Each structure stands twice: as structure tokens, then as C-alpha cells.
Amino acid sequence: MTRYVVRRLLQAIPQLFIISVVLFVLANTMGDPLASFGGRRRIRSEDRARLRRRLGLDKPVMVQYVIWLVGNDWMQVDVDGDGVADQRGTRRGVLRGDFGTSFMEGRPVLEIIRERLGNTLLLMLTAEAVILIFSLAIGMYSALRQYSVLDYVFTTFSFVGYSMPIFWLALLLMYLFAVNFKRWGLPHFPTVGMYDLAKGKTVGQVLWHMALPVATISIMSIANYSRFVRSQMLEVINQDYIRTAHAKGLPKRMVVLEHALKNASLPLVTLVGLDLPLLVSGAVVTESIFAWPGMGRLFWDAAKDTDVPVLMGILLIISTLVVIFQIITDVAYTYLDPRIRYD
Amino acid sequence: MTATTRKIAWEAMEEQVERPPLTPGQLAWRRFRRHKMAMVGVGLLVAIILYVTLGPLIYSEDYANRTDLSVRLAPPSAAHPFGTDGTGRDILARTIYGGQISVLIGVLAVGVALTVGTLVGALSGYYGGAIDAVLMRFTEAMLNIPRLFLLILLAKFLGGKIPTFKTLGRTFSGSVVVIIGVIGMTSWMYLARIVRANFLSIKEQEFVTAARAIGSRDRTIILEHILPNSIAPIVVAATLGVAGAIISEAYVSFLGMGVQPPTATWGNMLDQAYSHLSTEPWMWFFPGILIVLTVLAINFVGDGLRDALDPRALAQSE
Numbered sequence: 038m039t040r041y042v043v044r045r046l047l048q049a050i051p052q053l054f055i056i057s058v059v060l061f062v063l064a065n066t067m068g069d070p071l072a073s074f075g076g077r078r079r080i081r082s083e084d085r086a087r088l089r090r091r092l093g094l095d096k097p098v099m100v101q102y103v104i105w106l107v108g109n110d111w112m113q114v115d116v117d118g119d120g121v122a123d124q125r126g127t128r129r130g131v132l133r134g135d136f137g138t139s140f141m142e143g144r145p146v147l148e149i150i151r152e153r154l155g156n157t158l159l160l161m162l163t164a165e166a167v168i169l170i171f172s173l174a175i176g177m178y179s180a181l182r183q184y185s186v187l188d189y190v191f192t193t194f195s196f197v198g199y200s201m202p203i204f205w206l207a208l209l210l211m212y213l214f215a216v217n218f219k220r221w222g223l224p225h226f227p228t229v230g231m232y233d234l235a236k237g238k239t240v241g242q243v244l245w246h247m248a249l250p251v252a253t254i255s256i257m258s259i260a261n262y263s264r265f266v267r268s269q270m271l272e273v274i275n276q277d278y279i280r281t282a283h284a285k286g287l288p289k290r291m292v293v294l295e296h297a298l299k300n301a302s303l304p305l306v307t308l309v310g311l312d313l314p315l316l317v318s319g320a321v322v323t324e325s326i327f328a329w330p331g332m333g334r335l336f337w338d339a340a341k342d343t344d345v346p347v348l349m350g351i352l353l354i355i356s357t358l359v360v361i362f363q364i365i366t367d368v369a370y371t372y373l374d375p376r377i378r379y380d
Numbered sequence: 112m113t114a115t116t117r118k119i120a121w122e123a124m125e126e127q128v129e130r131p132p133l134t135p136g137q138l139a140w141r142r143f144r145r146h147k148m149a150m151v152g153v154g155l156l157v158a159i160i161l162y163v164t165l166g167p168l169i170y171s172e173d174y175a176n177r178t179d180l181s182v183r184l185a186p187p188s189a190a191h192p193f194g195t196d197g198t199g200r201d202i203l204a205r206t207i208y209g210g211q212i213s214v215l216i217g218v219l220a221v222g223v224a225l226t227v228g229t230l231v232g233a234l235s236g237y238y239g240g241a242i243d244a245v246l247m248r249f250t251e252a253m254l255n256i257p258r259l260f261l262l263i264l265l266a267k268f269l270g271g272k273i274p275t276f277k278t279l280g281r282t283f284s285g286s287v288v289v290i291i292g293v294i295g296m297t298s299w300m301y302l303a304r305i306v307r308a309n310f311l312s313i314k315e316q317e318f319v320t321a322a323r324a325i326g327s328r329d330r331t332i333i334l335e336h337i338l339p340n341s342i343a344p345i346v347v348a349a350t351l352g353v354a355g356a357i358i359s360e361a362y363v364s365f366l367g368m369g370v371q372p373p374t375a376t377w378g379n380m381l382d383q384a385y386s387h388l389s390t391e392p393w394m395w396f397f398p399g400i401l402i403v404l405t406v407l408a409i410n411f412v413g414d415g416l417r418d419a420l421d422p423r424a425l426a427q428s429e
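In order, the protein sequences belong to chains C and P.
As numbered in our numbering, residues 38 to 380 make up the first sequence, in order.
As numbered in our numbering, residues 112 to 429 make up the second sequence, in order.
Honestly, the hints are just simulated from the structure, not real lab data.
Wrong hints could be hidden among the right ones.
Claimed, not checked - DSSO-like, lysine-lysine: derived pairs with alpha carbons at most 30 Å apart:
hint, chain 1, residue 1, chain 2, residue 2
1, C, Lys219, C, Lys238
2, C, Lys341, P, Lys267
3, C, Lys341, C, Lys96
4, C, Lys96, P, Lys267
5, C, Lys236, C, Lys219
6, C, Lys299, C, Lys289
Unchecked claim - Cβ-to-Cβ under 7 Å is the rule here; a few derived chain P residues that face chain C:
hint, residue
7, Ile358
8, Ala384
9, Ser389
10, Asn410
To be verified - Which chain P residues stay away from chain C? Per the calculated CB distances, all over 12 Å, these:
hint, residue
11, Met148
12, Ser181
13, Pro187
14, Leu203
15, Ser312
16, Ile313
17, Pro339
18, Thr390
Model, not experiment: these values are computed from the prediction.
Heads up, the beta-carbon is just placed ideally off N, CA and C, and yes, glycines get one too.
Based on the provided sequences and hints, a complete structural model is requested.
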């Protein structure tokens, strides 16, 4: 097992290397980061050249990548643009934990991301919990009461839910639960932010503001997973050991929860692990719409401003999380299902 | 064996004797026809295709793009059944022309994804070894980047680099081509994995060895022997891919990096939606519901195709 984990971790290194090269080249060639500098004032061309040099944008992309990766404090850098290297660089590179400084804010990227990471995790973990609870409950019900009215309702719901663009779902939810509920004088959900500025950042406020974003992120996955749980459950409850459990007189509740559910929900673990990138994409859109101050929104703002260091910071952190999460998923699976062995 | 069962068995045998055996295609078609959801999907899809193809007989494209500030943001009425948008354009007419572009983008983007995915998957599965290792690591790497990030980066990367062009008597914004490329380049990975898996299992079969024994070239074996035998999962994945591509177009457009006006798409009709959320719901409701219906229909058809073309998968899921 240890050998397997070590091998997977070693394989993750070239993978992350490829990811970072692809993303770096794209991020650095997609626009001019200086375009939005200086607001409406025109920047003189010599200032522009000086800025480019200071930000390191005057070098070829591949050189920029190397500096981004390992820093430039080990070599001499040309600061004044006369073609003569005159001073040591100050960047230490991503590999030594230096993600650079934001072009727009002038603050270290890690500091900016740290402020937002917690908010995103709060949203995603809550959504993940909601997804698991609802898809297990719905899937189990549909399997045990196959072809019942509610089973058909859930089936229809899951197909429709799966076919919706996530932002359109967000608009629908906002329109119904925020706009119209307000119009009808019902308690309505807020549409933007994390908390009411007048009321402060209390647990209740944050929960209240989280309801719609979490629902938006969860519904599509619930639609997908509940179908999956249903088909898994149907397969399991027809197996011999379930009949044996019934035959030896175990209460139905026990048979379903202890024997059937355990085996039926196992493959869900893999699915959840593999779908993490999808969930992250959903979070970007959801955070942008609901003005949730998380990493998704940060990414979107950074993409608009071509703030490359921030973009790369977010992308690298998310990609690393995804890769590591997949390894954890595979390892967790061997503990949950001892029949599976990786050798 | 009772008399009745014997009779039924006899009738079944008789049937077999009288009719010539069905071809695999006929069998698949029969299974597909019995799939209720798939038939609903086909019906819905036909309705949508008629909507976007026959619509132009009633409304001209000039009408769809004509702005009329005196009726801007008008709610649905007899003159404008779906209402008008922020510059007074008729939303019904725009959903017709927008639908054409959205469906076109969906189909062509899958074309791009199919080409790249099949190529990568086939090379990887057929040759194995170092080629396989390199291509698959690259595929996995691409899969691990959340898709929306790639879409945004690529859309910004390629945006504005292709000029407007005319074809088929219509003017297309160059951004249509960009979006097709962007969506295609971010959705080939699953296809590549499916094709590779199929190639891995099929290339070990005797008929491939036989083909190799009589001296067929790799190219012939890949294109004429293995690929036709792995067409079923490719067709299913491609069908479902069209639905995914239509949704992707909507995402990119919603984030303001999609097809540029005046060319309408269902996606870019939604990009102003947020600012009109509460006061002009018709502006985002109609294009959105058309996307949902189209995607739903394609998903139904894709599901039906999977069950029809791959009976083994059906046996497993039931």
C-alpha cells in the first residue's frame, strides 16, 4: 500500500508539471496585463517598457515559466533596461512557496488567496455534504420503491436538473426565492454576498446567505448521483446475501441500511472523487453570480484583468488539490472495499 | 412442460424460421424504438430543429437583429410573443437564429472533439508503450484542470483573432469559430479514453492478428478494422457531447467571452440576464428554457442510443 501511494505521488509530479506548463503558456499569452493599468490615463511607451521589465514580462514565455517555477534570486537581473545585468532577482519561485505578487493589487498572491480559500471551502464542503445526503436518500428511496410515483418524479427531476446550465438554475432560484418571495411578502433569501453589512458576520447570517449558492451547486450533482445510487442499490438488493439477511429474520431497516447501503454507496466514493473538477467549475459560476467572496470569483476577476500571478496561483492550488484528492479517493476505496487491491 | 409453454415455444420457433434474421442495425433500431424516453427525446429534438429551421420563413434575420428603442424591454405581447430585449430586438426571432448558431456550435465542437479524441485514443491504444504513456499523461492532466478554467483561458487566448466572415449567405462573427475550437479542445478527453479502452481490447482479437498476418498496414488496421468495431460507444459519447457543448457555449457566453453580437446565440442572449433578473424575466427565461429542452432531448436520445447499441451495458444496469 505504501508503495502504491508513493508511486501515485511520484506520477503526480509530471502530471502537475504538464498542467502548469499548459496553463502558464495560456495565461501569459491570453492578453496584455498592462491593458488595464493606469485607468483612463495613457501610459507613455517608456513607462510601459519599464513596467514590463519590472514585472518580468519582457522575457520569452518559457523563461518567464522558469522564473515562476524556481525564482530568479540565483541569477543577475537587468533592472534598468540597458542590457547589462546588474542586480540579483528577488523572486524565489513556486517550488519554494513564492507565488509572486498580484499585478493589480501589488500584494503577495498567497495572501490574497488565503483570504478567499476559507469561503470557497465553506461553500464546497457544505455543498458536498448536501449532495451526499440527498443523493443517497433519493437514490435509496427510488430503488426500494421502484416505479412508484415519487420514483418517476425523482427521475424526471434528475433529467431536467442534469440538463440545466448551472447559471440559469441560479437565476431561476434567485427569481423565485429572492425576488418573488420578497414580492409576496414571504421570508426571502438574499442574492449577494456572505452577510448583511448592517447585521455583521454572524453564523446565522452566513448560513442564510449560503442557502441559494449551495442549492445551485448541489442540484446538478444530486440529479446525477441519485440516479447512480438508485441503479447501484437495485443491483445490490437482488443479490443472494441480501436474501440471506432477510431469511435469517433481520428487520428490513437493518438489511437496507447495514447490508445493502454500504455496498451500494461504495462506487459513489470514486464518482465524488473524480467529479471534483466539475464541482469547482460550478463554484466559479455560482460565486460570480451570488457575489460570494471565494476563489472562484477571484479567478473570474483575475481572468478579466489578466492578473497572471493570481490566475496561476489559483489554478495551481486547485489542480494540486484535484490530483491529491484523486489519490485519496483511490486509497480510501481500498479501505472501504477490501476486495480491491492495488499492486 | 405444460401445453401452453410448449405452444409458446413452438410459435417462437416458427417465427424464427419464417423471418430472416435481423441485422445488428435492425436489432439496435428495435431496442431504440422501445426506449420510451429516447422516443420522447427524438420528438422534442425534431420539434426544436423545425423551430430553428422553419422559423426563418416567418422572421428574417434582419428583423432579428433590428433594434427599435421605442419598444425596448417590452414584456411578451401579441407583436412580440417572447418580449423584447434591451435594444428593442424581438426575442422570439432571436431565439430562432440564436438556436441555429447554438446547435451548429454544439455539433461542430463535437466534430473537433471527435477528431482530436479519436486520434489521441487510437494512437494511444494501438501503439501502446511510450506513445501511450505520453498521450495519456497529457489527457489526464487536461482532465484534471477544471473545464471552466480551460474554457475561460482558451476563449480569452483566441478571442478576437479571427475576423468576421460570410458563408451560406450569412455573416458570421469570427468568434463563432473561436468558440467551436475552444469547446472542442476542452472536451476531447473522455472520448480519447473511451476510444483507447476499445482499441486496447479489440486489437488483441484474432481478426486483427489475421489482418496483420496478411500484411495490412497500421493505418488500414486502425481505420478499417478496429475503428468500425468501436463505433458504438463513440456514437453515444458524441451524442451526449453535443448536449455538453451547447451548455458550454452558454457558460462562455454568460461570462461574456462567447459569440459577439449582433450574431445571436442562446448563450449570448443570456449574458445580460443578470442585470434584468427581477424586472425583465422574459429576457433570460426563453433562451434558457430552449437550452434546457434541447439538452434534455439530446440526453434522452443519448441514453436510448447507449441502451440500443450496447446491450451488455443495459443488462448490467437493469
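Okay, the hints, checked on the actual structure:
Proposed proximity of C/Lys219 and C/Lys238 is supported: the alpha carbons are some 22 Å apart, at most 30 Å. With a CA separation close to 9 Å, the supplied pair C/Lys341 and P/Lys267 stays within the 30 Å bound. Simply put, C/Lys341 and C/Lys96 have alpha-carbon atoms about 23 Å apart, close enough for the 30 Å limit, and the pair holds. Restraint check for C/Lys96 and P/Lys267: the C-alpha separation of about 21 Å stays at or below 30 Å, so the hint holds.
For a cut-off of 30 Å, the pair hint linking C/Lys236 to C/Lys219 stands: about 19 Å separates their Cα positions. Taken as a hint, the C/Lys299 and C/Lys289 pair is honoured in the structure, with Cα atoms around 14 Å apart against an allowance of 30 Å. The closest approach between the C-beta of P/Ile358 and any C-beta of chain C is roughly 5 Å, which is under the 7 Å cut-off, so the hint is satisfied. Below 7 Å, beta-carbon pairs count as interface contacts, and P/Ala384 has one with chain C at about 6 Å; its hint therefore holds.
With a least beta-carbon distance of about 4 Å to chain C, the hint placing P/Ser389 at the interface is held under the 7 Å criterion. Taken as an interface hint, P/Asn410 checks out: its beta carbon lies about 6 Å from the nearest beta carbon of chain C, inside 7 Å. In this structure P/Met148 is not separated from chain C by more than 12 Å, as the shortest Cβ-Cβ distance comes to only about 8 Å. For P/Ser181, the shortest C-beta to C-beta distance to chain C comes to about 27 Å, beyond the 12 Å cut-off, and the non-interface label holds.
Distance to chain C confirms P/Pro187 as a non-interface residue, since its nearest Cβ pair spans about 16 Å, more than 12 Å. Every Cβ of chain C is farther than 12 Å from the Cβ of P/Leu203; the closest lies at roughly 18 Å, confirming the non-interface assignment. Here P/Ser312 stays apart from chain C, with its beta-carbon at least about 21 Å from theirs, past the 12 Å limit. Distance to chain C confirms P/Ile313 as a non-interface residue, since its nearest Cβ pair spans about 25 Å, more than 12 Å.
For P/Pro339, the shortest C-beta to C-beta distance to chain C comes to about 30 Å, beyond the 12 Å cut-off, and the non-interface label holds. Against chain C, the non-interface label of P/Thr390 is violated: not every CB pair exceeds 12 Å, the least being about 9 Å.
Consistency note: the structure conflicts with the earlier hints numbered 11 and 18.
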